[in-house]
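Peer 1: From first to last, the protein sequence lines are chains A and Y. Using our numbering, read the first sequence as starting at 1037 and increasing by one per residue. Using our numbering, read the second sequence as starting at 768 and increasing by one per residue.
Hints are supplied without guarantee of correctness; some may be wrong.
Calculated pairs, DSS-like style, for lysine-lysine (alpha carbon to alpha carbon, straight line, at most 27 Å) [stated by the list, open to error]: (1) Y:K1142 x Y:K1154; (2) A:K1157 x Y:K1098; (3) Y:K1135 x Y:K993; (4) Y:K1135 x Y:K813; (5) Y:K1184 x Y:K1211; (6) Y:K1142 x Y:K882; (7) Y:K882 x A:K1157; (8) Y:K1126 x A:K1157; (9) Y:K1154 x Y:K1184; (10) Y:K1095 x A:K1157; (11) Y:K1126 x Y:K923; (12) Y:K1170 x Y:K1142; (13) Y:K923 x Y:K1154; (14) Y:K1152 x Y:K1129; (15) Y:K993 x Y:K1012; (16) Y:K1158 x Y:K1126; (17) Y:K813 x A:K1157; (18) A:K1157 x Y:K1211.
With beta-carbon atoms standing in for the labels, derived distance ranges [stated by the list, open to error]: (19) Y:R969 x A:H1180: 39 to 49 Å; (20) Y:P1213 x A:K1157: 51 to 61 Å; (21) Y:K1184 x A:S1120: 51 to 61 Å; (22) Y:G849 x A:S1120: 33 to 43 Å; (23) Y:V1180 x A:P1188: 38 to 48 Å; (24) A:R1185 x Y:E992: 39 to 49 Å; (25) Y:E992 x A:H1180: 49 to 59 Å.
In silico negatives: residues of chain Y with every beta carbon more than 12 Å from chain A [what the hints assert, rightly or not]: (26) M832; (27) V857; (28) S961; (29) Q962; (30) G964; (31) S995; (32) G1000; (33) S1009; (34) S1045; (35) E1092; (36) G1151; (37) K1152; (38) K1184; (39) P1193; (40) K1211.
Simulated from the structure, these hints should not be mistaken for lab results. Ideal placement from N, C-alpha and C gives every residue a C-beta, glycine not left out.
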Amino acid sequence: MFYWIYDIPSVALALIITGAFVAFSWLGTIFIRPFLRVFLRKRADINDLIGYMLSCFGVFYGLLLGLLAVAAYQNFTGVETIVSKEASSLSALARDVSAYPEPDRTNLIWLLRDYTRYVVKYAWPAQQQGMVPQEGNTRMIAFHEQLIRFEPSTPGQEILHAEALRQFNNYLEARRLRLFAVTTSIPGVMWAVVLVGALMNIALIWMFDMKIVNHLFLGGILSAFMGLMIFLIASLDNPFRGELSISSAPFQDILTHLMEE
Amino acid sequence: MPPRRSLPMRLRSAWTLLYLAIFALSGCEPLNKARDVLTKSDQERKTIKLGILHSQTGTMGMNEMSLRHCEVLAIEQINASGELSNVDLVPVVKDGRSKSDIFRRRTRELVDVEKVDVIFGCWTSLHRKAVIDELDNPTDLFRTEPVARNSAQPHKPLLFYPLQYEGFEVNRNVFYFGSTPNQQILPALDWFMSQQGGSRKRVYLIGSDYLFPRTANFIVRKYLEKQSMQVVGEDYLPLGHSDFKDSIRRIAETSPDLILSTINGDSNFYFYKQYYESGARPDSTPIVATSVGEDELRRIPPEYVHGHFAAWSYFQSLDTPQSQEFVKSFKRAYGLDRVVDDPMEAAYTQVMVWKEAYKRAKSSDPMKIREVLEKGLEFDAPGGKIKVDPKTHHLYKKFRLGKTGLDRQFEIVYESKDLIAPEPFPSFAFPGWECDWTRNGLTKGPMPTIGL
Chain A
1037 MFYWIYDIPS VALALIITGA FVAFSWLGTI FIRPFLRVFL RKRADINDLI GYMLSCFGVF
1097 YGLLLGLLAV AAYQNFTGVE TIVSKEASSL SALARDVSAY PEPDRTNLIW LLRDYTRYVV
1157 KYAWPAQQQG MVPQEGNTRM IAFHEQLIRF EPSTPGQEIL HAEALRQFNN YLEARRLRLF
1217 AVTTSIPGVM WAVVLVGALM NIALIWMFDM KIVNHLFLGG ILSAFMGLMI FLIASLDNPF
1277 RGELSISSAP FQDILTHLME E
Chain Y
768 MPPRRSLPMR LRSAWTLLYL AIFALSGCEP LNKARDVLTK SDQERKTIKL GILHSQTGTM
828 GMNEMSLRHC EVLAIEQINA SGELSNVDLV PVVKDGRSKS DIFRRRTREL VDVEKVDVIF
888 GCWTSLHRKA VIDELDNPTD LFRTEPVARN SAQPHKPLLF YPLQYEGFEV NRNVFYFGST
948 PNQQILPALD WFMSQQGGSR KRVYLIGSDY LFPRTANFIV RKYLEKQSMQ VVGEDYLPLG
1008 HSDFKDSIRR IAETSPDLIL STINGDSNFY FYKQYYESGA RPDSTPIVAT SVGEDELRRI
1068 PPEYVHGHFA AWSYFQSLDT PQSQEFVKSF KRAYGLDRVV DDPMEAAYTQ VMVWKEAYKR
1128 AKSSDPMKIR EVLEKGLEFD APGGKIKVDP KTHHLYKKFR LGKTGLDRQF EIVYESKDLI
1188 APEPFPSFAF PGWECDWTRN GLTKGPMPTI GL
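Whole structure, please, built from the sequences with the hints as guidance.
Peer 2: Following this line, the structure appears as structure tokens:
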């Protein structure tokens, strides 16, 4: 829903989210606080009461944000591991088939080059838009067809061929996991809870009775920190989107190597 | 407790702070980019999908991969050049899997789902005919949308076909970028009949057993009826055939001084190998091939093909700036060990020609593009100047004859002086048949007996 945020540079996004939270907090402090005071000022111990509430609420909300941030980070690093495993398998596969006799060697290298170029130039940008790239399947089938057409004629070639087939299967598995990860993200309902929680937190701040400058300063700091936490979770949430996303650099390295094969 | 300031005073302070913050951050580049995203101030870009339909898998997969690469390269170059302002061309690649019914199904997907206005594709005549038939007569089984029976103008994209072929076909929505026999095979025979080509008089025809070789050789036989050269033998072998001993024995028995080969695919490796091993040499009886380009040569040891000939319109060795730039850009994109050949050049050219037509039509609408092309559009292709023939939707092209070297490249030994007009229905072979899309369209004559 809010995927357009990934088109914004990270620094700007951090400033925007933090700024939005601070601005919301300040606007409430300026416009809503005077009305709240009408109802709440009658009690002398109102600041203590709201302080207890905020502490209690803050524990639960902080836990929610913290756990989400850890989950998003773990997911991010998990996908990063899958991508590096996939790239390693592809690299090993390229190494194996480069030892095949001609003309199979050239055919297989060209097919791998075709596939890797597609991943770098088309599949990755599609992933960054949240789309699962499909055309790689056909290229993998073409490679598999060519690979199984090879008939080993020496014991050495038999070992090499078996190893290439094993690497190919490893690669397919890692590739499948990467494609699954493209659409993995924090569910919308969780985001709703996070945002409503943030709103309640800020609303509690508005209820304090203190000097306006102090109110703006303290409310601003708390809102800014909440904004930063939400920026962090949002940035890590979709591992293939945004400036902080997982890059195609490992595949670009393999492509550079394959182009020189 | 100090006296509280009034609300308007407090508001003024807050707004002043906000203005100061915005002013301080307005010079910040990431924020400027963010503003563009948030306000969508970038000019709206239009996306045009271009269908690419080749076999990526199956027996034709490796051959057609090269064509797809050239078409995608052309699209990437157009996008990078920014020539089509505010337009992004997006290649939609489909795999025909070397099967006619899959070509039909993918055609339907490109039309119904992707809504493309043009399809660049096919290699074999069988697949081309399947695609054309699917465009003309949609198969209900493959439809992904309800059939609009009452639709007066159903959406029908153009097909651009890059291979040399047998001719005897036209379609108003198809543009043929390869050579017809009168632009490829007949000039080759003329050259071999000339003094420069050795004044040869006896030709043996050998080919794979399918539409192109049969029809091409039918045209050759008809053409040679009034020439000094005679056909001394004719042989057809299944696609993928590997044992040419009987054919080579028959060639030896009939003593031709030229062999015209329309053998396709991997069979070429076995034919050249066995011909070489039989002791025959190109000095006395050269082979002139119509389906062996630079891409095929990499699969054949150079000593087997050295000294033999190939007839095409384009060779990688063509020493012109456009050709060398094309070769360089292809190698940069797909690897230094890659080579380009005639069908690849045609595949690249057809995308570039479509772009030129788009620029003039200012639309990707198939009918508007066709209208522009039917005005006889000219273009400087890597192989030199070409011109679309408004009458037949084929190209005016040059003919070139290449002699194979040990470096797996061709030395151009002959080049036609002018562009040769396409003749999909040469009158000596297909009397009564002619096509002129600018006037009456296709006029049919008696059906010839080709012997398919």
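Peer 1: All hints are to be evaluated individually against the structure, with a verdict given for each.
Peer 2: Tested hints:
no., hint, verdict
1, Y:K1142 x Y:K1154, "holds (10 Å)"
2, A:K1157 x Y:K1098, "holds (16 Å)"
3, Y:K1135 x Y:K993, "violated (43 Å)"
4, Y:K1135 x Y:K813, "holds (18 Å)"
5, Y:K1184 x Y:K1211, "violated (32 Å)"
6, Y:K1142 x Y:K882, "holds (26 Å)"
7, Y:K882 x A:K1157, "holds (23 Å)"
8, Y:K1126 x A:K1157, "holds (26 Å)"
9, Y:K1154 x Y:K1184, "holds (15 Å)"
10, Y:K1095 x A:K1157, "holds (19 Å)"
11, Y:K1126 x Y:K923, "holds (20 Å)"
12, Y:K1170 x Y:K1142, "violated (36 Å)"
13, Y:K923 x Y:K1154, "holds (24 Å)"
14, Y:K1152 x Y:K1129, "holds (23 Å)"
15, Y:K993 x Y:K1012, "violated (32 Å)"
16, Y:K1158 x Y:K1126, "holds (22 Å)"
17, Y:K813 x A:K1157, "holds (20 Å)"
18, A:K1157 x Y:K1211, "violated (48 Å)"
19, Y:R969 x A:H1180: 39 to 49 Å, "holds (47 Å)"
20, Y:P1213 x A:K1157: 51 to 61 Å, "holds (52 Å)"
21, Y:K1184 x A:S1120: 51 to 61 Å, "holds (59 Å)"
22, Y:G849 x A:S1120: 33 to 43 Å, "holds (35 Å)"
23, Y:V1180 x A:P1188: 38 to 48 Å, "holds (42 Å)"
24, A:R1185 x Y:E992: 39 to 49 Å, "holds (44 Å)"
25, Y:E992 x A:H1180: 49 to 59 Å, "holds (50 Å)"
26, M832, "violated (6 Å)"
27, V857, "violated (10 Å)"
28, S961, "holds (36 Å)"
29, Q962, "holds (39 Å)"
30, G964, "holds (32 Å)"
31, S995, "holds (40 Å)"
32, G1000, "holds (31 Å)"
33, S1009, "holds (14 Å)"
34, S1045, "holds (23 Å)"
35, E1092, "holds (19 Å)"
36, G1151, "holds (28 Å)"
37, K1152, "holds (31 Å)"
38, K1184, "holds (37 Å)"
39, P1193, "holds (37 Å)"
40, K1211, "holds (39 Å)"
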